[in-house]
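Novice: Chain by chain, the residues run as shown.
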Amino acid sequence: MQPTAFPQTEPTLRQVKVSLVGNPNCGKSTLFNALTGLHQKIANFPGVTVEKKSGSAKIYNSSTGKLTSLEITDLPGTYSLYPKSPDERIPFEVLCDPGDENHPDLVILIADGTNLKRSLFLASQVIDLKIPAVLALNMMDLVKEQGIDIKIDELERRLGVRIVPVNARKGIGLEELKQAVISELHIPENDIFETSPLAPPLLKKIRSILEMRSDYAALQIAHHRDAISGFHIPDQQKKEIEEALSSHEFDGIKIQSFETLERYKVIHEILQICMVKAINDKPSLSAKIDKLMIHRFWGYVIFLGILFLIFQAIFTIAAFPMDFIDQTFTGLTEAARNALPKGVLNDLLVNGVLAGIGGIVIFIPQIAMLFMFIAILEDSGYMARVSFLMDKLMRKFGLNGRSVIPLISGVACAVPAIMATRTIGSWKERLITIMITPLMSCSARLPVYTLLIALVVPSKLIWGVFNLQGIVMMSLYLIGFLAALGAALSMKWFVKAKERSYFIMEIPVYRMPRWSNIVYSIYEKVRIFLFDAGKIIIAISIILWFLSSRGPGQHFNVITQQIDQLSTEQNIDQEALNKLEAQRLEFSYAGHLGHLLEPAIRPLGFDWKIGIALVTSFAAREVFVGTMSTIYSVGKDDGESKTVRDKMQAEINPETGQPRYTPAVGWSLMIFYAFAMQCMSTLAVVKRETGGWKWPIMQFFFMSALAYCSSLIIFQLMK
Amino acid sequence: METALVKLSDLRRGARCVIDSFTDDVMKQKLLEMGCLPGETITIDRFAPFGCPMAINVSGSTLSIRVDEAQSIIVKPLA
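The listed protein sequences derive, respectively, from chains A and B.
For the first sequence, the positions run 0 to 718 when my numbering is used.
For the second sequence, the positions run 125 to 203 when my numbering is used.
In isolation and in its complexed conformation, chain A is listed as follows (with noise of 0.2 Å):
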């Protein structure tokens, strides 16, 4: 319904709650995003780094005047109830235990109608759990295409729920999925699945316990007794079924193996009266696409090229809108500190904060350009096929075919891609992708390398096309993706394999990248860039400025009060003050911090101006930028609103009395800036995936004194 048809009194409010469940690659998150728009928060499961994507949506009918607001939660696609993987447990969990907050009080299940039988295995589950269900089939253009006839009446009255169909692309049969869901709720009447003769006594006990409509759902508890004590339920009801299985005999794998097969044979039987498919032996048009995607030589061809187009893109086009922002940015900061009386609130909001902000905005383009990519290479069904060509060479090095994932999501950002390795079944595989995925230069390095890269390389083109500023980012990656490599192969030898690796895997038709789901996506990560790395970045920037313009001892007094004094002079003596500026920094509390580190970073090639970076960097790594800006801001009150670059290209090294920013200094620190492990979110991440400090600590110990090694050694040959 269109907003303008809500009535001008409020109309009684009614709160559902509602889970999506499907298969893997069944259009849910589509549908999602149609159901929710902007709707949406992304949380995580309680307890759990497993995303939760949650949002909102409100329905008016026109018939009763109710307004219906549904609370509409995306679980993790699964193919059964059965959890195979700590993802899969979600399903299983928020459906089963009755006391959880995300149970809900109706669920819409999503099945591809290309695949309609392995759609309704799931489903089936679901509806057999008695919880009140939509059915909403998806994909049917592809049906149609396909020449599938699906009887709906007839299997709507099978299956005992209402079936919508829908293109959750197009947005066809949305307004129809909605109003059925907000149409009288009723619970499932018949078992499409009999389960009460498989273990008769035991069900109906846990059901009495529980106070339950189903069989199936106190046959899924009993399946999983493990899962019990994190029940939201009375600790008495846990008891009692405790009880209740330990003095029953239950032999829940022979059973699950059983119900599957059975489950599939009356799939199999309903699916023969409501479902007609017309011979086709045509290869499909990804079949096509296909054969040159994943050729045994192309596909490689193609992988690399198209990351290699991605890198190309990111440094030339996204370089317009950051001119643009820069530019405004200098203005922005002029207006204010010309607008503003002087004194130390101007130099606060000057210096700190909006050399803080600046740093920050400036990357958007970039992020959003990376984020952008990789939201298209996934949604139209080509990491599948990645994962495909590269699970041999992988595994040579402890990984998996789906670790390429997790490493190229790394690319944008570790802290999702060390989730995205909870795919990965194997515990060895998952630890070894978990621990080097770090290494692949994430998007809060981006603004640190275009920094430098832009100090120390030229920028030219190579023949006449290529960027060899872009080439010597990519190759910033390159040397990332190696070095991760090369850490897997050692981790491969000493870490022990606790079960078997597997690599079962639907391979997903391609399909055109759906543009909301794209912008979606880059909406959140540019809002958690934005609001969430910013809030540290702004922080350390006024602490930085804080550090860096006040200082301990008599002798910065001294400085501070000589400062003073030449300022006001009628002639002012530039040189004379810049030098007295840039001893007041020296003399600060953040110059006596960066003196303490110099014996250290010295031999690295770095000066006390870049340890004070090094330090604040150990929060996040962009802030970086923020931190140059702020240093080289503080006591240049020259008038002139210069970026952060150009200061650091003008800074002199007082030894040589050449530019301190020297080729060897420029690589000493994009290459400790590619291995250093300077990220909290991501060791904090690594602690909850792995269970313990003992990870994460490692791999901040491993990744530090690779860094440290690998400076020293570009730093000694270049200089």
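Heads up, some of the hints might be wrong.
[Said to hold, decoys possible] Taking lysine to any residue and the SDA-like style, the derived pairs with C-alpha atoms no more than 20 Å apart in a straight line are: (1) Lys264/A - Lys152/B; (2) Lys341/A - Asp563/A; (3) Lys290/A - Gly138/B; (4) Lys395/A - Val191/B.
Just so you know, these hints were derived from the structure itself, not from any lab.
Model the placement of chain B on the given structure of chain A, informed by the hints.
Specialist: Okay, now just chain B, sitting in the frame of chain A:
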């Protein structure tokens, strides 16, 4: 006409076969849930570079599976 049973991994690209049974209980569960049921027809779509993994078409979808995993699927080849 009786055809001898073989492992899925023994077949070549383009071969068609019918699933008979599974030799590994853990793999069996995964395969069943993804639609690899006894009686279903499998077509071997291709092998990845270096011979592993392989892509198979089964009940309307394409699955990627490692050769050693395919060893646990016993099939009846179709002519």
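Novice: Holds or violated: Lys290/A and Gly138/B, Cα atoms, limit 20 Å.
Specialist: Given pair Lys290/A, Gly138/B holds - Cα atoms ~13 Å apart, limit 20 Å.
Novice: Given the hint that Lys264/A pairs with Lys152/B, test it: the Cα-Cα distance must not exceed 20 Å.
Specialist: holds, 16 Å
Novice: Is the hinted pair Lys395/A and Val191/B satisfied, with a Cα-Cα distance of at most 20 Å?
Specialist: Within the cut-off at roughly 15 Å; holds.
Novice: Lys341/A and Asp563/A were given as a pair; does the straight-line alpha-carbon distance stay at or below 20 Å?
Specialist: Within the cut-off at roughly 13 Å; holds.
Violation of the numbered hints given earlier is absent; every hint is satisfied by the structure.
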